[in-house]
Amino acid sequence: MSTARTARLLVPSAAALWTFALGLWGLSRQNSVWRDEAATWQVARRSTAEIAQLLGNVDVVHGLYYLLMHGLFELFGPGTTVLRLPSVAAMAVAAACVAALGHRLAGPWAGL
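Residue numbers (our numbering): 2 to 113.
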(Lines of atoms letter the chains of each structure in order from A and count residues from 1; the text may use other names and numbers.)
(Lines give C-alpha, C1' and ligand atoms only; values in the text may rest on other atoms or scores of the structure.)
Protein backbone atom coordinates (compact mmCIF):
# COMPACT_ATOMS: atom_id res chain seq x y z
CA MET A 1 0.00 0.00 0.00
CA SER A 2 1.38 3.39 -0.95
CA THR A 3 2.14 6.11 1.58
CA ALA A 4 -0.44 8.45 0.04
CA ARG A 5 -3.15 5.81 0.25
CA THR A 6 -2.20 4.98 3.83
CA ALA A 7 -2.43 8.66 4.79
CA ARG A 8 -5.73 8.99 2.93
CA LEU A 9 -7.18 6.20 5.09
CA LEU A 10 -5.34 6.98 8.32
CA VAL A 11 -6.31 10.65 8.62
CA PRO A 12 -10.11 10.14 8.59
CA SER A 13 -9.81 7.00 10.70
CA ALA A 14 -7.78 8.82 13.35
CA ALA A 15 -10.26 11.70 13.44
CA ALA A 16 -13.22 9.32 13.73
CA LEU A 17 -11.64 7.21 16.46
CA TRP A 18 -10.54 10.25 18.47
CA THR A 19 -14.00 11.82 18.23
CA PHE A 20 -15.72 8.54 19.11
CA ALA A 21 -13.45 8.00 22.12
CA LEU A 22 -14.05 11.53 23.43
CA GLY A 23 -17.78 11.13 22.87
CA LEU A 24 -17.87 7.85 24.77
CA TRP A 25 -15.87 9.33 27.63
CA GLY A 26 -18.65 11.70 28.63
CA LEU A 27 -21.58 9.66 27.38
CA SER A 28 -23.26 8.60 30.59
CA ARG A 29 -21.45 10.56 33.31
CA GLN A 30 -24.50 12.65 34.09
CA ASN A 31 -27.52 11.15 35.77
CA SER A 32 -29.80 13.63 34.03
CA VAL A 33 -30.93 14.23 30.48
CA TRP A 34 -31.59 17.38 28.49
CA ARG A 35 -35.13 18.30 27.47
CA ASP A 36 -34.70 17.16 23.88
CA GLU A 37 -33.29 13.84 25.10
CA ALA A 38 -36.24 13.45 27.46
CA ALA A 39 -38.66 14.06 24.60
CA THR A 40 -36.88 11.48 22.43
CA TRP A 41 -36.81 8.98 25.29
CA GLN A 42 -40.52 9.49 25.94
CA VAL A 43 -41.50 9.02 22.28
CA ALA A 44 -39.11 6.15 21.51
CA ARG A 45 -40.52 4.06 24.36
CA ARG A 46 -43.96 4.07 22.72
CA SER A 47 -45.17 1.39 20.32
CA THR A 48 -44.69 1.95 16.59
CA ALA A 49 -48.44 2.50 16.22
CA GLU A 50 -48.34 5.22 18.88
CA ILE A 51 -45.31 6.81 17.21
CA ALA A 52 -47.13 6.79 13.85
CA GLN A 53 -50.16 8.42 15.46
CA LEU A 54 -47.94 11.06 17.07
CA LEU A 55 -46.26 11.79 13.74
CA GLY A 56 -49.68 12.48 12.25
CA ASN A 57 -50.08 15.37 14.68
CA VAL A 58 -46.62 16.71 15.60
CA ASP A 59 -42.91 16.10 15.07
CA VAL A 60 -43.14 14.51 11.62
CA VAL A 61 -39.63 15.79 10.83
CA HIS A 62 -38.22 13.58 13.60
CA GLY A 63 -40.07 10.43 12.53
CA LEU A 64 -37.11 8.40 11.26
CA TYR A 65 -35.04 9.35 14.28
CA TYR A 66 -37.81 8.29 16.66
CA LEU A 67 -38.17 4.97 14.85
CA LEU A 68 -34.40 4.41 14.94
CA MET A 69 -34.35 5.13 18.66
CA HIS A 70 -37.39 2.89 19.19
CA GLY A 71 -35.50 0.03 17.53
CA LEU A 72 -32.36 0.67 19.57
CA PHE A 73 -34.40 0.76 22.78
CA GLU A 74 -35.99 -2.56 21.84
CA LEU A 75 -32.55 -4.11 21.25
CA PHE A 76 -30.51 -2.59 24.06
CA GLY A 77 -32.93 -1.05 26.56
CA PRO A 78 -33.86 2.60 27.17
CA GLY A 79 -30.72 3.86 28.94
CA THR A 80 -28.91 7.16 28.56
CA THR A 81 -26.00 5.46 26.81
CA VAL A 82 -28.30 4.04 24.13
CA LEU A 83 -30.03 7.41 23.90
CA ARG A 84 -26.78 9.29 23.23
CA LEU A 85 -24.76 6.74 21.26
CA PRO A 86 -26.25 7.56 17.82
CA SER A 87 -25.18 11.18 18.25
CA VAL A 88 -21.65 10.12 19.16
CA ALA A 89 -21.50 7.84 16.11
CA ALA A 90 -22.78 10.64 13.86
CA MET A 91 -20.13 13.01 15.23
CA ALA A 92 -17.42 10.43 14.51
CA VAL A 93 -18.64 10.03 10.91
CA ALA A 94 -18.75 13.82 10.50
CA ALA A 95 -15.20 14.13 11.87
CA ALA A 96 -13.99 11.50 9.40
CA CYS A 97 -15.66 13.34 6.51
CA VAL A 98 -14.17 16.71 7.51
CA ALA A 99 -10.73 15.12 7.94
CA ALA A 100 -10.95 13.43 4.54
CA LEU A 101 -12.01 16.69 2.92
CA GLY A 102 -9.22 18.63 4.63
CA HIS A 103 -6.68 15.99 3.60
CA ARG A 104 -7.87 16.07 0.02
CA LEU A 105 -7.90 19.87 -0.25
CA ALA A 106 -4.81 20.85 1.75
CA GLY A 107 -2.86 17.76 2.81
CA PRO A 108 -2.73 15.39 5.78
CA TRP A 109 -1.99 18.00 8.45
CA ALA A 110 -5.03 20.03 7.43
CA GLY A 111 -7.09 16.85 7.60
CA LEU A 112 -6.09 16.34 11.20
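Take these hints with a grain of salt, some might be off.
What the hints assert, rightly or not - Taking CB as the label site, the calculated pair distances span: (1) Leu65 x Ala39: 41 to 49 Å; (2) Gly80 x Ala5: 37 to 45 Å; (3) Phe77 x Asn32: 14 to 22 Å; (4) Ala53 x Thr4: 34 to 42 Å; (5) Leu65 x Gly108: 20 to 28 Å; (6) Ser3 x Ala95: 25 to 33 Å; (7) Leu18 x Ala53: 18 to 26 Å; (8) Tyr66 x Gly27: 49 to 57 Å; (9) Asn32 x Arg6: 14 to 22 Å; (10) Thr81 x Arg47: 13 to 21 Å.
Please keep in mind that the hints were generated in silico from the structure rather than gathered at the bench.
All values reported here derive from a predicted model rather than from experimental measurement.
Beta carbons are placed, not taken as given, at the ideal position from N, Cα and C, and that holds for glycine.
Against the structure, the hints:
1. Leu65 x Ala39: 41 to 49 Å: For Ala39 against Leu65, whose Cβ atoms are near 19 Å apart, the range 41 to 49 Å is violated.
2. Gly80 x Ala5: 37 to 45 Å: holds (43 Å)
3. Phe77 x Asn32: 14 to 22 Å: holds (19 Å)
4. Ala53 x Thr4: 34 to 42 Å: violated (52 Å)
5. Leu65 x Gly108: 20 to 28 Å: With a Cβ separation near 37 Å, Leu65 and Gly108 fall outside 20 to 28 Å, so the hint is violated.
6. Ser3 x Ala95: 25 to 33 Å: holds (27 Å)
7. Leu18 x Ala53: 18 to 26 Å: With a Cβ separation near 37 Å, Leu18 and Ala53 fall outside 18 to 26 Å, so the hint is violated.
8. Tyr66 x Gly27: 49 to 57 Å: About 21 Å separates the Cβ atoms of Tyr66 and Gly27, which means 49 to 57 Å is violated.
9. Asn32 x Arg6: 14 to 22 Å: violated (45 Å)
10. Thr81 x Arg47: 13 to 21 Å: Roughly 18 Å apart at Cβ, these two residues keep to the hinted range, so it holds.
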